[in-house]
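Enquirer: What follows is each chain in one-letter form.
Number of protein chains: 2
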Amino acid sequence: MARTKKYNAFYAQSGGVTAVINASACGVIEAARENKDKIGKVYAGRNGIIGALTEDLIDTSKESKKDIAALKYTPSGAFGSCRYKLKSLEQNRAEYERLIEVFKAHDIRYFFYNGGGDSADTCLKVSQLSEQLGYPIQAIHIPKTVDNDLPFTDNCPGFGSVAKYIAVSIREAGFDVASMSKTSTKVFVMEVMGRHAGWIAAAGGLAAEKEGDSPHIILFPEIPFNQDKFLKKVDRCVKKFGYCAIVVSEGAQHKDGSFLAESGTTDAFGHKQLGGVAPFVAQLVKDELGYKYHWAVADYLQRAARHIASKTDVEQAYAVGHAAVDYALKGKNSVMVTIDRKPTKRYSWKLGEAPLEKIANVEKMMPRNFITRDGFHITDACREYLSPLIQGESYPEYKNGLPQYVTLKNEAVEKKLKKKFKV
Amino acid sequence: MARTKKYNAFYAQSGGVTAVINASACGVIEAARENKDKIGKVYAGRNGIIGALTEDLIDTSKESKKDIAALKYTPSGAFGSCRYKLKSLEQNRAEYERLIEVFKAHDIRYFFYNGGGDSADTCLKVSQLSEQLGYPIQAIHIPKTVDNDLPFTDNCPGFGSVAKYIAVSIREAGFDVASMSKTSTKVFVMEVMGRHAGWIAAAGGLAAEKEGDSPHIILFPEIPFNQDKFLKKVDRCVKKFGYCAIVVSEGAQHKDGSFLAESGTTDAFGHKQLGGVAPFVAQLVKDELGYKYHWAVADYLQRAARHIASKTDVEQAYAVGHAAVDYALKGKNSVMVTIDRKPTKRYSWKLGEAPLEKIANVEKMMPRNFITRDGFHITDACREYLSPLIQGESYPEYKNGLPQYVTLKNEAVEKKLKKKFKV
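Protein chains in written order, with the numbering used here: chain A, 1 to 423; chain B, 1001 to 1423.
Just so you know, these hints were derived from the structure itself, not from any lab. A hint or two may mislead.
[What the hints assert, rightly or not] Result set (EDC-like, lysine to aspartate or glutamate): computed pairs, CA atoms no more than 16 Å apart in a straight line: (1) B/K1419 to B/E1209; (2) B/K1399 to A/D340; (3) B/K1311 to A/D118; (4) A/K364 to A/E209; (5) A/K399 to B/D1056; (6) A/K233 to A/D256; (7) B/K1292 to B/E1357; (8) B/K1418 to B/E1209; (9) B/K1399 to A/E393; (10) A/K311 to B/D1326; (11) A/K364 to A/D149; (12) B/K1182 to A/D56; (13) B/K1399 to A/D56; (14) A/K182 to B/D1056; (15) A/K399 to B/E1397; (16) A/K399 to B/E1209; (17) B/K1006 to B/E1384; (18) B/K1062 to B/E1101; (19) B/K1232 to B/E1315.
[What the hints assert, rightly or not] Here are some of the chain A residues that sit facing chain B, going by a computed Cβ distance under 8 Å: (20) G77; (21) R171; (22) L231; (23) S258; (24) L289; (25) R303.
[To be verified] The following residues of chain B were derived to be distant from chain A, with all beta-carbon distances above 10 Å: (26) L1206; (27) K1364; (28) D1374.
We treat Cβ as the ideally placed atom computed from N, Cα and C, and that holds for glycine.
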């Protein structure tokens, strides 16, 4: 029997953006366009879920085929993302009711939410409330996080590209320092993201393929910082290899759980300085061992680096977006699209799914057997897990020497509700 | 008349390395190999000029054709570089005499020195002394510096690639911040190299092709920091574009000539903290305007980033190396190879030369008309100068998701002198 009515879809980007979250957006929109007989328009939330709450929707049907395809090569969140966690249903039912109200007004019956753990939780609640209120919404979560900390999926889109950036960067910086170490810098410290889990720091370890390769030391959030052991290892590296290259996670911490980055640095005004674990570690080495140092903090550069994105990551990000629509059209609800590693010798993967109620607010930490016994590097098991995720290059197009990233028109959908909603 | 005897060449890398200095080394070695009938072996100094002083020479003839070709794609200094400035002839004549002694012992009559202003000066002195001592040496300087501050050459190999890295990075980070600015970071600060001249900071400006593009503000060493004007501009940008992306040169300074980076930050031990103008500027914005910030310090990543090198830069780096040998074989002496911009509408260049006595210790600063009147951005004239230098991509080969950079065997030449020399 033919469907009599087509319903619209809502898509939003949530939390910190990545080099490939727009590839997921591209997957969603292209899949919807391929199924024009079954699905209406894709409305994107301007600045994520805030766009839904304030009825600030973007009509993606106004974008050209070419511009949507270009999303696959554009970092950041093309519709705007936000850090806005919906409270629990008990604490702020009004927010969820408002979402349903907006969805009703715009004939939206598909909710595609592209984010990490928090947004999986939001996605779950939307699907629960829609059931309670009797308004049918299919909520599908599209995984995204550079932190790689979502459960049930083998890895998270966004992570492979930041991993590749970190591994490439510490290899290149290592070559640089090695060649200068005779008379200049002997210790180089690179700070990377990952406040709770050491996945990104671990990826730096991929650059070291044989003894003596950069990086020599990785400081993980999972391993409490042991100053003596660390300094001894730095000294040994400098004596043996001429230099020491270090990757430190922003989440590296003391035994008592306080971050190294908070170790009492004050600025010109006497304020406690925020961030900067790399300068802290570098200064410690200088004070205790006397070695000349340099340090780098890649910050947003690492997660925005579409120019050096992992092809595998781009393909997976696109695939999970596309699959979200496919799943919805198959009638699925309240699930997250997962990437499942196949048990083949050569890396291969397929898409799967996991129920949202099992995912929300669970963080996947690095297994201890991914970190060497001394706590300063990755094991072969870790290497085997990480290596496939950075495979392949997927270069954007260049013009005038610069990558061409698309900025969409982002035309607003006409509002239908009289009531405003304050976020 | 056929030459009866072939003489060897000495090649050394000097000062901070770049993404393409090895492409110059490749040019030198390949040119010499093409002229095997006229020139003997190329001996490289291990760790730059220190290798010559200590008679620690590397026999490049032991390297395979493939490995030498791979230098074109490998960042850093393959033979080691050093920061070691020879004193004046009057102050330390012994050093120069030692060089001549080593050259004599190894039949070296070509001196190729690959570096910036200081090494041009050394190159000049070597050629002067060889004349005084009656030992014939042809000294040719091969330009290299990320700082782009050598005179007489239109630009310096090494600069184009760091320029491209900075422009790409601030474009990518700008996209990231723009998409998050509704609820998160509003001001992003990226610190770049260039202690004396703002060429690298200026390159960031290329990313901004139309109003509102990142970066919105550039802080040059050439323009004394005006805090009020700066904060007003930041505030205006945030109000107009939703965010503000800033490129700050490590050499940015106050009116009195002190660096912003020295602005009194102290570390956990009460020591004055070195480096870090980005955190200083970011904190200033937070304190005065209250905006949430993030900052990045690319440090060595920028000059080692061979993965995103400028094709133009790679070609020029190779060409100046190759030309150094060609010039030597034509009998030239005491010159630097230059890159000359041709007066064509579409950018084109040719090789030239300049006498070393005019180059040594002269720094080429940014012309004032390359900086906008308000001091915060680049002009069209600057854009026209810079843009061709970042054109084209020259990707290295990848394996296991990582760029393949060569590490040479670097076999030592047997020592011939009994006397040791202490540096």
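Enquirer: Against the structure shown, which of the earlier numbered hints fail to hold, in ascending order?
Expert: Result: hints 1, 2, 3, 4, 5, 6, 7, 8, 10, 13, 15, 17, 18, 19, 22, 23, 24 and 26 break, sorted rising.
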